[in-house]
Amino acid sequence: MSEKPILSVSHLKTYFDVTKGLFSKKQVVKAVDDVSFDIMPNETFGLVGESGCGKT
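If you use our numbering, the sequence shown corresponds to residues 8 to 63, in order.
Bear in mind the hints are in silico, worked out from the structure with no lab data behind them. Careful: at least some of the hints might be erroneous.
As the list claims (entries may be wrong) - Here are the computed distance ranges between Cβ atoms for each label pair: (1) K20 - G59: 15 to 23 Å; (2) P12 - A38: 19 to 27 Å; (3) P48 - H18: 20 to 28 Å; (4) T21 - G53: 14 to 22 Å.
To be verified - In silico DSSO-like cross-links for lysine-lysine, where the CA-CA straight-line distance does not exceed 30 Å: (5) K20 - K32; (6) K62 - K33; (7) K20 - K37; (8) K32 - K62; (9) K11 - K62; (10) K20 - K62; (11) K33 - K20; (12) K27 - K37; (13) K37 - K62.
C-beta: ideal position from N, C-alpha, C; glycine also.
Please model the complete structure; the sequences and the hints are all you need to start from.
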């Protein structure tokens, strides 16, 4: 019998609007774009990145 994931994430996207001013062209930062993963029982998952890069 195959195990089911304890956490499954599909096509995760997080975008931030960084436009400044009323008449500025819209600017968007794609912090996370189309990320998918499964965490299986007894598996360890680590997320690594610079301080202040938005891991939380």
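Hint check results:
no., hint, verdict
1, K20 - G59: 15 to 23 Å, "holds, 21 Å"
2, P12 - A38: 19 to 27 Å, "holds, 24 Å"
3, P48 - H18: 20 to 28 Å, "holds, 23 Å"
4, T21 - G53: 14 to 22 Å, "holds, 19 Å"
5, K20 - K32, "holds, 22 Å"
6, K62 - K33, "holds, 24 Å"
7, K20 - K37, "holds, 8 Å"
8, K32 - K62, "holds, 27 Å"
9, K11 - K62, "holds, 26 Å"
10, K20 - K62, "holds, 13 Å"
11, K33 - K20, "holds, 18 Å"
12, K27 - K37, "holds, 16 Å"
13, K37 - K62, "holds, 14 Å"
The structure agrees with every numbered hint stated previously.
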